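Undergrad: Spelled out, the chains give:
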Amino acid sequence: MNGQVTVENLAKTYLTRQRAQAGLAGLFKSEAKQVAALKGVSLDIRPGEIFGLLGPNGAGKTTLIKCLTTLLLPTSGRALINGFELTKQDNAIRATTGCMLMGERGLYWKLTARENLVFFGALYHLNPTDRRRRANQLIEELSLGEIADRAVESYSSGQRMKVAFAKALINDAPLLILDEPTNTLDVPSAHELRAVVRRLNSQGKTVIYTTHIMAEAETLCDRVAIVDHGQVLALGTVPELKTSLQREAVLKVEGVISKKATTAVEQLPGVSRVALNMNGHATLTVVSQDSHATLLPRLIETLTAHNAVIQKIAPEEVTLEDVFIARTGRTLAVDTTVK
Amino acid sequence: MTTAGGRPSFAQTLSAALAETQLRMINITRYPGQMALEIVIPIVFAAMPMLLGRATGGEAAAANFAANTGTTNYVAYLLIGSNVFTLVSSAFWHIAYWLRFEQETGTLEAVYLTPTSTVTLASGVALYSVIRGLTSSLLAYVIGCLIFQVNPFQGDVLLALGFIAAGLIPLYGMALIFGAVVLKVKESNAVVGLMQWVVSFLMGIFFPITVLPPFVKFIAWLFPPTWMTNGVRSSLLGVGYFFGSWYADMAVLWAFMLFAPLFGFWVFNRTERGIQRNEGVGQF
Chain U
1 MNGQVTVENL AKTYLTRQRA QAGLAGLFKS EAKQVAALKG VSLDIRPGEI
51 FGLLGPNGAG KTTLIKCLTT LLLPTSGRAL INGFELTKQD NAIRATTGCM
101 LMGERGLYWK LTARENLVFF GALYHLNPTD RRRRANQLIE ELSLGEIADR
151 AVESYSSGQR MKVAFAKALI NDAPLLILDE PTNTLDVPSA HELRAVVRRL
201 NSQGKTVIYT THIMAEAETL CDRVAIVDHG QVLALGTVPE LKTSLQREAV
251 LKVEGVISKK ATTAVEQLPG VSRVALNMNG HATLTVVSQD SHATLLPRLI
301 ETLTAHNAVI QKIAPEEVTL EDVFIARTGR TLAVDTTVK
Chain R
340 MTTAGGRPSF AQTLSAALAE TQLRMINITR YPGQMALEIV IPIVFAAMPM
390 LLGRATGGEA AAANFAANTG TTNYVAYLLI GSNVFTLVSS AFWHIAYWLR
440 FEQETGTLEA VYLTPTSTVT LASGVALYSV IRGLTSSLLA YVIGCLIFQV
490 NPFQGDVLLA LGFIAAGLIP LYGMALIFGA VVLKVKESNA VVGLMQWVVS
540 FLMGIFFPIT VLPPFVKFIA WLFPPTWMTN GVRSSLLGVG YFFGSWYADM
590 AVLWAFMLFA PLFGFWVFNR TERGIQRNEG VGQF
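Here the protein sequences line up with chains U and R, keeping their order. Residue numbering for the first sequence follows the numbering used here, starting at 1 and increasing by one per position. Residue numbering for the second sequence follows the numbering used here, starting at 340 and increasing by one per position.
Simulated from the structure, these hints should not be mistaken for laboratory data. Predicted model only: the values in this text are computed from it and were never measured. Please note that the accuracy of each hint is not assured.
[Unchecked claim] Not the full set, but computed from the structure, chain U residues with beta-carbon under 10 angstroms of chain R: (1) L15; (2) T75; (3) R78; (4) D90; (5) N91; (6) T97; (7) L101; (8) A151; (9) Y155.
[Claimed, not checked] One side of the interface only, derived from the structure: several residues of chain R facing chain U at Cβ under 7 angstroms: (10) G445; (11) E448; (12) A449; (13) T453; (14) Q615.
[To be verified] Listed below are the simulated DSS-like cross-link pairs for lysine-lysine, each with C-alpha atoms no more than 25 angstroms apart in a straight line: (15) K39(U) x K88(U); (16) K33(U) x K556(R); (17) K29(U) x K525(R); (18) K88(U) x K523(R); (19) K110(U) x K525(R).
In this text, a Cβ means the ideal position worked out from N, Cα and C, and glycines have one as well.
Next comes chain U alone, as it looks inside the complex:
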């Protein structure tokens, strides 16, 4: 255990109540149900790296983050964060970690950005002079000067996210945990925030960055863990993860493709994963252990036999999304919340 964050077999099980049935009886009857949100997660995050947690909604990313930030007690397993043991040295973990978890919801909207930053500085035990100096510094670094003395409620969603990001930096911690920080940001603002994350990382900060945006993980993160159904399915650098798929062929088909045709493709020999994305038009991603030459005629024959209209079919260079599909059998658009 010598990483900035070392997690061993961390598990988290919730107890929820589920309505027994619909209708009048369901109003009064409920059953206790155990939900395993994390199932023995192990990770070792090295000092000075940007570590990406990639997974669809409900994969367990936020539960993992909440455990690591001491908001939730894990059911079993152990973790060392910044050299402090989770559940035993929680205060020290909080003092040495900067977090952005709830985005804009973590701010006091009746207060100004400056008042918010100074207040959180006090909760991180900065002395009055230091908390004001640090707030001013962050306002300048993140170009918040024009809005810093207006109430947060008057900001745009993107401006609030920037203030929430500044709040995560108030204690100048060696470890930053950012949960989907570019949500609701426009493209230039997201680009600007990623540049700040890179700069902070170059200054030595370790960053845990959760996202469901493939391109963001691909361009920003040194290593990525793919999380789904409460488990780490793959872990490595982006090139390592891509290389792991090199022996498999990836073909992308665009056109009019029914679910029946997709099911038929799934049953072709050698096909390991198929994902259908119906975003405007159908895009079918097929991952196969056979070569492109072997797969292509079989694929065309099957699709046309099931009345699919093929507009484009091409071999694809392996992307992180292909790795994700190969590991999970679904695209990131799919919500996998445990119900």
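Fit chain R to the known structure of chain U by using the hints.
TA: Then chain R, alone, in the frame of chain U:
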């Protein structure tokens, strides 16, 4: 920064608590009409039984009142009751609503991410609540007395303030227990709404608790606001202490002062840990 091991110094803890108080004070200045309304409420609240008493008692209202309470000054008696109730109500609402409101807005998780303990934050909120509650109830008492033409500064004013000060600490210990219930059931209106009326009844808001049935009277004695209300009434109006002397009643409040906050923190910490073990404090 925090000292090694994450344990803050006393000065850092105090500074964090005061920052929480300051945050609440800044926040209330964004709602300028609220303080003015808070001063009106206890006056109106006391005026209702006062006018009912005059209507039913007529010329002999004061004499009839004195036969049961020990004072003819029913105006001050009722105003004291309604203003001590304002303090009780402030304590319950501010602690419970602080937790519930922050849970709903998302800031509760944000403050739980910092190394400042909830106990420190609760102390900051309690200090804000004391400042706000005391300001409005003292002003309401003086204005109410002036409106109904009685002297607000009769009797031993300093001793009355002493009873208020001694009663506030156990009161916030009790409020923390209600805060724990709010955290657990994720609902503040029904919990505080019910409890503040139960406590108002037990503390004898408009009547001496001697008129209560023996068993109910015994329960009333278990609540610090009962001793606080009677202590203030006795020092200002001379209605009579429960144990015959001010120092004996004050000693009871001191015993509450030692016990109630510790019990409140213990209940709150246990509830908090239980919630962290399951769904977390942020889920609402």
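Undergrad: Now tell me if each hint is right for this structure.
TA: Verification of the hints:
Given hint, L15(U) at the interface with chain R, holds; its Cβ is 6 angstroms from that chain's nearest Cβ, closer than 10 angstroms. Given hint, T75(U) at the interface with chain R, holds; its Cβ is 8 angstroms from that chain's nearest Cβ, closer than 10 angstroms. The criterion of a C-beta within 10 angstroms of any C-beta in chain R is not met by R78(U), whose closest approach is roughly 16 angstroms, and the hint is violated. The criterion of a C-beta within 10 angstroms of any C-beta in chain R is met by D90(U), whose closest approach is roughly 8 angstroms, and the hint holds.
A hinted interface residue such as N91(U) counts as satisfied when its beta carbon comes closer than 10 angstroms to some beta carbon of chain R; here the least separation is about 3 angstroms, so the hint holds. Look at T97(U): its Cβ gets to within about 8 angstroms of chain R, closer than 10 angstroms, so that hint holds up. This hint holds: L101(U) has a C-beta 6 angstroms from the nearest C-beta of chain R, less than the 10 angstroms allowed. Here the hint on A151(U) is kept, as its CB sits about 7 angstroms from the closest CB of chain R, short of 10 angstroms.
Interface restraint check for Y155(U): the shortest CB-CB distance to chain R comes to about 15 angstroms, outside 10 angstroms, so the restraint is violated. Below 7 angstroms, beta-carbon pairs count as interface contacts, and G445(R) has one with chain U at about 3 angstroms; its hint therefore holds. Checking E448(R) against chain U by beta carbon gives a least distance of about 6 angstroms; that is within 7 angstroms, so the hint holds. Restraint check, A449(R) versus chain U: the minimum CB separation of about 4 angstroms is within 7 angstroms; hint holds.
For T453(R), the interface hint holds, since its Cβ comes within 7 angstroms of a Cβ in chain U; the closest pair sits about 4 angstroms apart. Among the interface hints, the one on Q615(R) holds; its C-beta lies about 5 angstroms from the nearest C-beta in chain U, closer than the 7 angstroms criterion. With a C-alpha separation of about 21 angstroms, the suggested pair K39(U) and K88(U) falls inside the 25 angstroms cut-off, and the hint holds. Annotation: proposed proximity of K33(U) to K556(R) is violated, straight-line Cα distance about 44 angstroms (limit 25 angstroms).
A hinted pair counts as satisfied when its Cα atoms are at most 25 angstroms apart, and K29(U) with K525(R) qualifies at roughly 19 angstroms. Restraint check for K88(U) and K523(R): satisfied, since their Cα atoms lie roughly 24 angstroms apart, inside the 25 angstroms limit. Taking the CA atoms of K110(U) and K525(R), the gap is about 23 angstroms. The hint holds against a cut of 25 angstroms.
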